[in-house]
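*Asks:* Sequence order for the protein chains is R and A.
Note that the first sequence covers residues 1 to 333 in this note's numbering.
Note that the second sequence covers residues 1 to 162 in this note's numbering.
Please note that a few of the clues may not be correct.
To give a feel for the contact side, a few chain A residues facing chain R, derived at Cβ under 7 Å [said to hold, decoys possible]:
1. A59
2. E60
3. V68
4. P72
5. S80
6. T116
7. G117
Just the calculated beta-carbon pair ranges, DEER-fashion [said to hold, decoys possible]:
8. P42/A to P108/R: 20 to 30 Å
9. P108/R to E43/A: 20 to 30 Å
10. E39/A to E297/R: 20 to 30 Å
One-sided excerpt, in silico: chain A residues whose CB lies under 7 Å from chain R [said to hold, decoys possible]:
11. T82
12. A107
13. G109
These are calculated hints, taken from the structure and not from any lab test.
What you are looking at is a predicted structure, and each value in this text was computed from that prediction instead of being measured.
Ideal placement from N, C-alpha and C gives every residue a C-beta, glycine not left out.
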Amino acid sequence: MASQPKPVSGVSTNGHHAHTNGGAPKISDRVPLEGLADTVGRATGEAVRLSQGLAMKGVMRAAKSLEKRLQADLDDRDPDYIRENLPLSWLMATIWYRAEVRNLSNVPEKGPVLLVGNHTGGNMSPETIFFTLAFSTYFGVERRFHQLAHNLVLASPLGPFLRRFGTVAASHDNALKALDAGAAVLVFPGGDWEVHRPSWQSSKIDFGGRRGFVRLALEKDVPIVPVVTIGGQETALWLDRGAWLAKLLRLDRTARLKVLPILIAPPWGLTVGDFLPRLPLPAKMTSEVLPAIHLREQFGEEPDIDEVYEYVTGAMQETLDGLAAERRFPVIG
Amino acid sequence: MRLSKSIVVSAPPQVVWDYLADLEKYTQFLSGVTRWDEEGGPETGLGARRRMLIRVGSAEVGGLIEMVEWDPPNDMAWSSVTGIDQRVRFRLRAAGSSSTRVELRYAYGVAGGGITGWISEHVSAPSLSKHLSLSLQQLKRLVESEKLRSAATERSGEPAEA
């Protein structure tokens, strides 16, 4: 529908020529007014349609980009890129977190392996940074290593960089693909549930009963190597997971978010969600790698999933208790 | 980045060389080294390969190295094949009638360059420098004590142990 054009200089809107003098005709004199309204109306309509089209294209492009980010293209991992960026990771790990990874020699030298970690430090998850650094310098960037991360992490502006480090969206299928490729795969079964636990539960393994990693290891017949980390929960003060808030806002259904954490973190102070970039406190971080668990050797041909789950989490809890006992002060370590 | 440390060992160059030529002994004196595994090639000498890691800050860095220079009893050098770029040299020169000046040079560079690479190299330098000093002190102690032990064994008339 054509819209009513606004009056312009020298042109009336009632269809009559508006002569301001009797000399040479103005530009308006040469334009038939009857057609002008239609022309402007059509142009406006086109502009609206064009802008709608552009907006739709933008949305489609963003959706495609998001979809691409969430796909597990293992080839996105770029060893040269990792090598070139190790200095930055090393500086962060060494100066800021004074990070330490113990017993990396417990990871089998070759072949696919499922590294099972307890998740700490909120969406920034510093242990992923320094463990990737430690793994890459210990085994070399040539050894394939993938980390599974929540969709939201990959959808963030950091997503493209993380993909080059070997991060793929957390899903059973993506883990299978990575193990099939002979990679070492780092998973955090506790996911968002564990990573946003209150700071005073720092020394608690809490996978929330998620046993998918056991099924995964059995399906591909790969060893499980537990990786226990402490310190991440001291990089901010987590007050509550906010599971009730996530449920209230239906985020569990719309964004696969079981929690919406409430935390105090610089520079924002009290925050909800942990979505904004924040300055993590320089907490001393320590990871310890436990000996490999060969499920069928240790639990028989048909291992009981619950039994394996209890065994793995029990061993990790025992190690975490030991690491917690070493710490004298929060943050300082 | 190139670091260099030296020390005078009270033993002739050949004695020091004989000790250094046995790559199995490196874990006894190389400070900070967490891994020194044979990785193919000859056991010792030119072309010998080791997987070497040294703890620097939050990471164990290193990689596959290969002996690229073997000139007894003066110079030996290894260079990295994979991992961090490094070139390490032991330079042995006579210092007096029965002493040797041992110089340990460690040249390294991180991949990618840029500001973070430059900062990393400089931040890691003091720690690596300390490892070099400690390594030379331990080498001196081990070579001199082995020399004394050999001399004592000879005096007692028993064959010296390696």
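*Asks:* Run every hint past the structure and note whether it holds.
*Replies:* Each hint, compared with the structure:
With a cut of 7 Å, the hint placing A59/A at the interface with chain R holds, because the nearest CB-to-CB distance is about 4 Å. For E60/A, the interface hint holds, since its Cβ comes within 7 Å of a Cβ in chain R; the closest pair sits about 5 Å apart. Because the beta carbon of V68/A sits about 19 Å from the nearest beta carbon in chain R, more than 7 Å, this interface hint is broken. At about 31 Å, the closest approach between the beta carbon of P72/A and any beta carbon in chain R exceeds 7 Å, and the interface hint on this residue is violated.
A distance limit of 7 Å between C-beta atoms decides the matter here; for S80/A the minimum to chain R is near 11 Å, and the interface restraint is violated. Among the interface hints, the one on T116/A holds; its C-beta lies about 4 Å from the nearest C-beta in chain R, closer than the 7 Å criterion. The beta carbon of G117/A comes within 5 Å of a beta carbon in chain R, closer than 7 Å, and the hint placing it at the interface holds. In this structure, P42/A and P108/R meet the distance hint of 20 to 30 Å, their C-beta atoms being roughly 28 Å apart.
Remark: the range hint 20 to 30 Å for P108/R to E43/A is upheld by a beta-carbon distance near 26 Å. Here the CB-CB span from E39/A to E297/R is close to 28 Å, well matched to the stated 20 to 30 Å. Because the closest C-beta pair between T82/A and chain R is about 5 Å apart, less than 7 Å, the hint holds. Interface hint at A107/A: violated, since its Cβ lies 17 Å from the closest Cβ of chain R, which is beyond the 7 Å cut-off.
A hinted interface residue such as G109/A counts as satisfied when its beta carbon comes closer than 7 Å to some beta carbon of chain R; here the least separation is about 10 Å, so the hint is violated.
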